[in-house]
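Peer 1: Listed below are the residues making up each chain.
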Amino acid sequence: MEVVRADGRTPNQLRPLACSRNLLHRAHGSARWSQGDTIVLAAVYGPKAGTRKGENPEKACIEVIWKPKTGQIGKEEKEYEMILKRTLQSICLLTIHPNTTTSIILQVVGDDGALLPCAINASCAALVDSGIPLKHLAVAICCGLTETGSVILDPTKAEEQKMRAFAYLVFPNSPLSVLPKAPSAVDDEPGIITSVTHGLMSECHYINCLGHGHAACAKISEFLRRSMQTQLPGDLSKST
Amino acid sequence: MEQRLANTWRMTVNEKKFIETALLSDLRVDGRRPFDYRKLTIKFGREDGSSEVQLGETHVMGYVTSQLVQPYRDRPNEGTLAIFTEFSPMADPSFEAGRPGESAVELGRVIDRGLRESRAVDMESLCVVAGKSVWAIRVDLHILDNGGNLIDAANIAALAALLTFQRPECTLGGENGQEVIVHDPEVREPLPLIVHHLPVAVTFAIFDEGNIMVIDPTYKEEAVMGGRMTATLNSNGDVCAVQKAGGEGVMSSVIMQCLRIASVKAADITSKIKDAVDAYNTERALRKVKRHPPSVALEVSVPDVIMKENQVDELSRHRAQNLKDEPERSCSNDGTSIGVEISTSRGKNNAFIGGPSSWDPYSKGISSCFIRSSQDLPGPLYLAKEQEEAKISQNSIESDPEAANTLSSGPVGASVASQQANSPKSLKDAVKPKNRKKNKASSTSDMS
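Sequences listed follow chains A and B, in order. The numbers in the UniProt record's numbering rise by one with no breaks, and the one at position 22 of the first sequence is 22. The numbers in the UniProt record's numbering rise by one with no breaks, and the one at position 413 of the second sequence is 413.
Among the hints, erroneous ones may be present.
As the list claims (entries may be wrong) - Straight-line alpha carbon distances no greater than 35 Å define the calculated DSBU-like cross-link-like pairs of lysine-lysine that follow:
no., chain 1, residue 1, chain 2, residue 2
1, B, K272, A, K69
2, A, K162, B, K288
3, A, K67, B, K132
4, A, K69, B, K274
5, A, K69, B, K17
6, B, K43, A, K157
7, B, K272, A, K48
8, A, K48, B, K17
9, A, K48, B, K16
10, A, K67, A, K135
11, B, K288, A, K67
These are computed hints drawn from the structure, not numbers from a lab.
Construct the complete structure from the given sequences, taking the supplied hints into account.
Peer 2: Put into structure tokens, the structure is as follows:
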């Protein structure tokens, strides 16, 4: 059974992606990522001296600050900060700058569904823009499960509210290898960095979502790679 | 504590001396004259009431929301206006999350005085039921980049957001006429706020013991300045607020001169804000005229996750990849698989002659009807938002008769009937003569 979505997309079609980097002058790195009407602006302030109390001083520490569009900061924002912090900790090389704090500040400019994946993509692009050493990039996608059991990618806010369940999935970006790979070769199990689910879904639905999400993330990482290659490094002299 | 001091940005003595000496000869570091503003750009988001202002390197975002609340007891028939300023840590390494510092509070108060206490926004029109429910307008100002002169930029952002904000219309209803019903923006047009005048803030930085005043200081000049004065004026020449909190003493003649300069600048900035708001309003009106499903993947030169042939098996869905709903649905309703790849990045006409790889006659039907539509339609055939609606209705008429000929399925006939009812008769004239006979034949067969 075919799912007809409100904005005319097919179940496997993403919204238009746009990424621009190096927007802010004071921040060490900044990026603006938009998926349709969901827009997030991320800024990175590179390694500052000292870690916070309770953090391991032998490693770098990542600090995430989430700024909603309006209203007070509540539990939801704190949860987003925690998820982002753990996700970004796993992709950064923490042992290069021990006893430092890297702050990532996110500002929600527009929210039309799939906010957390958009934020993760934005913060990844901002980290690249600021030159923080990373193992690989993290690419995030939201997969939703409709009432009928079919998987749709990148839902809007209206779709999210009607869905039975949805999952935010973060995968490492697909590597670009020099060796030619046979087109039918399947990678090993896709390594999932983060998975946050809302709602009730059965095991096979979840595995289905993982498959769809992994395929979509391959597309997003292609886009990410292309956008990073085409954009020239703007102002190389960033004074603090 | 030590780490905070280690992270603050400090100006070197050389830079300080350079800026001060240059100002003595009327030179500013970025090449401006003492009373020149930096480049001002005002942009709006998709929603009503969201604005982004860039003044040189300073970047501020404003966002207006409204809510029904109980009024204050001493003003039962007036709405409320509240300004919240967020000095985001992304703007400056010295800004910290959490409690707003004193400069954040000062900025909020200056803008508040200029807007609210000068009665720029009409509060009495926000009253719904006196004493019970009024509209509370909340303006959130997010400072994204601190390049200096935050007060002016934030003020412009607040004004631009308030001018483009529209609150939902509400009426009294219910049993005793006391219940407030808020109407959905789709049902009833939302109303803009009534703004009487635009109070614009102009900031001066004071150097050299009160002798030199410059407008619109950058953050480096702010670190060196001896004091600051902000004058909020409107284009009528009224002084809404003046803020000079400490700093160097300035002679009153210099202050009067500054106010005169500020009124000229305020008029200039007011006209810029009004131009930007007018441009946004016309664009919003155009958007509302033709309602269509929001188009997908138009502006971005990135192909979406398109069903490639090998992925199709994996994901088990064959569909005509189309950016138009109705013809797609009607043509492929019987479930025949058509694999058409469309990439919007590869130019406009190619999208319609997308490569169908199957032998299915439908694929030819779709592409030929697109070609026909491309010949019939006036103007360029790119998937511009404004023309999509017209094309959808035209294409549906042209493709449906063909589909009906080769396939007689119930849903197609029904959709043909519904779409024919919607479209005006003139569209049928656009169809070529050889199709007209098919139209008549199919319409009679479907209607029966």
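Peer 1: K48 (chain A) and K16 (chain B): Cα distance at most 35 Å?
Peer 2: Answer holds: K48 (chain A) to K16 (chain B) is near 25 Å, not above 35 Å.
Peer 1: Within a Cα-Cα threshold of 35 Å, do K48 (chain A) and K17 (chain B) meet the stated pairing?
Peer 2: Holds. K48 (chain A) to K17 (chain B) sits at ~28 Å (cutoff 35 Å).
Peer 1: Quickly compare the C-alpha distance for K67 (chain A) and K135 (chain A) to 35 Å and report which way the hint goes.
Peer 2: It holds: about 27 Å lies between the C-alpha atoms, which stays within 35 Å.
Peer 1: Given the hint that K43 (chain B) pairs with K157 (chain A), does the C-alpha gap stay at or below 35 Å?
Peer 2: holds (24 Å)
Peer 1: Taking 35 Å as the top limit, are the C-alpha atoms of K288 (chain B) and K67 (chain A) close enough?
Peer 2: holds (31 Å)
Peer 1: Could you grab the alpha-carbon distance between K272 (chain B) and K69 (chain A) and see if it respects the 35 Å cut-off?
Peer 2: holds (26 Å)
Peer 1: Compare the distance between the alpha carbons of K69 (chain A) and K17 (chain B) with 35 Å, and conclude whether the hinted pair is satisfied.
Peer 2: violated (40 Å)
Peer 1: Does the alpha-carbon distance linking K272 (chain B) and K48 (chain A) stay inside the 35 Å limit?
Peer 2: Since the Cα atoms of K272 (chain B) and K48 (chain A) sit roughly 40 Å apart, the hinted pair is violated (cutoff 35 Å).
Peer 1: Regarding the pair K69 (chain A) and K274 (chain B), is the alpha-carbon distance no greater than 35 Å?
Peer 2: holds (25 Å)
Peer 1: When you check the alpha-carbon spacing of K162 (chain A) and K288 (chain B), does it fall within 35 Å?
Peer 2: holds (25 Å)
Peer 1: Take the C-alpha atoms of K67 (chain A) and K132 (chain B), compute the straight-line distance between them, and say whether it is at most 35 Å.
Peer 2: holds (32 Å)
Hints 5 and 7 from the earlier list are contradicted by this structure; the remaining hints agree with it.
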